[in-house]
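*Asks:* So the chains spell out like this:
Protein chains: 2
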Amino acid sequence: MRSYLECIPCFMSQALRAARIAQLDDEQTLKLLRIVGGKIKDIQLSDPPPKTGKMIYSLVAEISGKRDPYEEVKREHIEFALKMLPFMEGYIRDAPDPVDAAMRVAAAGNIIDLGARKTVENVQKVLEDALTLKHRRWDIDQLKSVLADAGKILVLGDNAGETVFDFAMMKTLRRVYPEAEIFFSVRGGPTINDATYEDAVRSRIDEVATIISTGSDAPGILMDEVSAEFLEIFNSADVVISKGQGNYETLNDAPRPIFFVMTVKCEVVARHLNLPEGSSVLYFHPGGNPSERMTD
Amino acid sequence: MRSYLECIPCFMSQALRAARIAQLDDEQTLKLLRIVGGKIKDIQLSDPPPKTGKMIYSLVAEISGKRDPYEEVKREHIEFALKMLPFMEGYIRDAPDPVDAAMRVAAAGNIIDLGARKTVENVQKVLEDALTLKHRRWDIDQLKSVLADAGKILVLGDNAGETVFDFAMMKTLRRVYPEAEIFFSVRGGPTINDATYEDAVRSRIDEVATIISTGSDAPGILMDEVSAEFLEIFNSADVVISKGQGNYETLNDAPRPIFFVMTVKCEVVARHLNLPEGSSVLYFHPGGNPSERMTD
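Protein chains in written order, with our numbering: chain A, 43 to 338; chain B, 43 to 338.
No wet-lab data here; the hints were simulated from the structure.
Below are the DSS-like pairs computed for lysine-lysine, each with C-alpha atoms no more than 27 Å apart in a straight line:
1) A:73 - A:108
2) B:93 - A:73
3) A:93 - B:81
4) B:176 - B:125
5) B:81 - A:83
6) A:73 - B:81
7) A:83 - B:93
8) A:81 - A:93
9) B:93 - B:108
10) B:83 - A:73
11) A:307 - A:83
Using the sequences and the hints, build the whole thing.
*Replies:* Laid out in structure tokens, this is it:
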């Protein structure tokens, strides 16, 4: 997905939010906003938003002087989510359709903004709400039909913390489809609160899947940046389940079929999907619609 | 009021919104956002936000090639508001306290975002809602006590359209306090949808007040830009009633008493006033608290 004019003020808002989470002081934050402002002239609207996101988060790291300014925040989110794991697993166990329930848990992980919650109790309440949501688009039948014959499943990870929800989801897939090999992708380096290898291990993902790196520290999947190893698995997987909006923004016109599981967090993506902002979806993209960028 | 870090992304959002209202095409809008982005490095946080607002709206005018890119929008808003005038006047006539009712009408004018409404019926409904609002801060008794002895009243105007609400308010003041002379200030030149001389006349304000110019085209009252004539009236008026957030942002620490009538439209001003965003207020600022800027 290209960037839109609306993305430009949003990049500035993202920079400010990132500065706050990384606990930059006011002077550092002003410096960041000034640099990002000056770089707006270089943004190509033909590029997907995570390309600019990557630039912003590199600057946050540089200005903060920390390799991973979100390390502590991510660790907290994972700890929070691990405390909710028994609830998630109970929900899946008690559900009439465990695969559907597992995907709902994975979607709930993307709905919940752990950064904004203060207590596990709150998050459990929000999780309950998320799980009872009527989804406007929920392509579970298509997903189950391809999972039935899948030898190789690739899950594209998103935020740290959400990874624990993905652990519960993949644990279920392993149980229901024991023949399938599952891969889980993490970012090649720290970027915002996106999961890295360490975050995935902390979320116990190594127990249920082979963790692979995208080879890029963009908060999405930029095809001209990912490693050959990632690309091989991406292309050969029988099923790709993509978590979150950053991965959607970079893969929405991918040539291969993808199941997007995410919450729609801005008006631009809402317009793209023709769904209201705030919707949580399991959206089947059939592929076969390569953009110029993808076929380069 | 100084600018805060949160104002910086907001300036970009304002630029985009301004471009839309001025009907710039996508290429012109991108150009605007790039220029504004580059100018972020020059923004002094010690300056009040309307100083940056002025810069943005000058750029919109320059890029659009129109002296007043909002002319048509302002005219529509005034026409809309004039159709609601009988309702406003009826509301004031039927109220037990006409001055209180008149100030509520003036506040409603700032609540209503005429740009977002499509029909007069809608606006009338919103006006009814606005008038029944429980105000969190409503210093009407202080206002009435100074109005009782006032020889000279200055109303600082804000948006075109809102001016019709101000007309109804000032018409009431003239009736209740026939001895007082009323002045109404407009911007020295077009800036956003702020009222200029022509807009005020279209709103019939010349029937109830002497229209004066601030002498500056900032969307607020920048003391180092206003004309000597304006300053003389501002300093000598017995009562100053200031409409809208832009005037508050530039006058919140003025050395003289001011009654601010406005809706709190952002978190920064909400924090400043210690009132929730969206509040509509009649706020008495007693003065005697000059900032460095004001005493320069």
